[in-house]
Amino acid sequence: MFKGSKFKKTTLFVTTVALLTLVIAFGVQRRCAAQGGGNDYQSIELFTDVLAIVKKSYVEEVDTKKLVYGAINGMLSSLDPHSSFMPPETYKEMKIDTKGAFGGLGIEITVKEGILTVISPIEDTPAFKAGIKAGDQILKIDDKYTKDLTITDAVKRMRGVKGTKVTLTIMREGFDKTKEFVLERDIIQVKSVKYKVLDDGYGYVRISQFQEKTDDDLEKALQALQADKKVLKGLVLDLRNDPGGLLDQAVRVCEHFVPEGKLIVYTEGREKDSQMRFTSRKSHKQGEYPIVVLINSGSASASEIVAGCLQDHKRAVIMGTQSFGKGSVQTIIPLSDNSGLRLTTARYYTPSGRSIQAKGITPDIVAERIEIASTGEKREGMHIREKDLENHFESDKKDAQDEKTAKPAPYKTDEMIKSDSQVLRALDLLKGWEILKTMGKLPS
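1 is the number of the first residue of the sequence shown in full-length UniProt numbering; add one for each residue after it.
Keep in mind that a hint or two might mislead.
Stated by the list, open to error - The list that follows gives simulated cross-link-like pairs (lysine-lysine, PhoX-like), each with its CA atoms no further than 25 Å apart:
id, residue 1, residue 2
1, Lys112, Lys65
2, Lys162, Lys196
3, Lys233, Lys314
4, Lys233, Lys177
5, Lys191, Lys129
Just so you know, these hints were derived from the structure itself, not from any lab. Please read all numbers here as calculations on a predicted model, not as lab measurements.
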């Protein structure tokens, strides 16, 4: 790109060094004032020496921007798995991601103990349909081993033109050996919020990712569930395999359920701008119906903020398995050449002061997901009851409920939900709460 005149290359080199020196000098001034000195000047001098030697003596002519980008990548990857540098193309794609449409496989990834690891597959994407699961270790992308591969580079390799294929070599707990998954890339249209009625009076809302319109979509879903003056007896809020997203959207989701003025989440970092407190504002508050929040190991970041907030305020029962444990905040900083910096600037804490970093949210009720082979129709048919005996006599009183239905179905929801053991457990808990209320055992 910069193979033109020597003047251009020299100018770029001098400019780069000057900018870096100014940045470091500013940092040194601040640190010297606080600590009485430092060796940052020597470090930047070492960097410029190496850069000059590579420019002069490397076997082939090298692009200065490529060297600087590589140095920045190395610097950030030494900090934590979530800080990264985004070249202009990657930064542009990141901005598209938060709007809910991009091309690729639909996998949220991180680096865990040096291994590229799946946080969660995004619902209704090629990865989700192929059976990729939270916690899967990606050892190869096509023929490229992922060891020492940055998250940015890994994402770049997995994305591509719709219809093209990519092979992921996966290691999973329980696998005897690695397994190859061949996935076909697609345009990923992530629908942030889905909803449905489970049984009469019980709603289900699924948030797959926290995007720009998540709060608006949730508002519409809750209104639809309560249309025609329907009263919600309970809600299942499904945050399983939700990798997170925008912090402000997580806060707004909590505002639907948390009273005005209550703390939702707070962050702490080194700089003043990183020390923030988010409290619930006046908005369209929901009724005091009971809520069960479902989480699993694929629930991370923003979804953990919501679960932690509702748990601390005793506004919901958390059910499922331990969440991912991403308790850090990344700030997106645009740079002058249209590239961007994703930098970890703070840790976040739940209202009670809990840090979730590397710990996660512990559910109130641990419920592993199990496969349900059938709806129970056949099992019911194997039992003999009084009405099946020859010459049985009928009751002399007709029960009003019996007239409505001779054999009520245990669940009126669709087949997909009927095979989801965790949703069914959540629904049973909500029904049990309603029954206990009618018995006068619980406050209404």
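Hint check:
Between lysine 112 and lysine 65 the CA atoms are separated by roughly 29 Å; this puts the pair beyond 25 Å, and the hint is violated. Among the hinted pairs, lysine 162 with lysine 196 is inconsistent with the structure: their alpha-carbon atoms are about 31 Å apart, more than 25 Å. A distance of roughly 17 Å separates the Cα atoms of lysine 233 and lysine 314; the hinted pair therefore holds under the 25 Å criterion. Proposed proximity of lysine 233 and lysine 177 is contradicted: the alpha carbons are some 47 Å apart, above 25 Å.
Of the pairs offered as hints, the one joining lysine 191 and lysine 129 holds, with about 15 Å between alpha carbons and a cut-off of 25 Å not exceeded.
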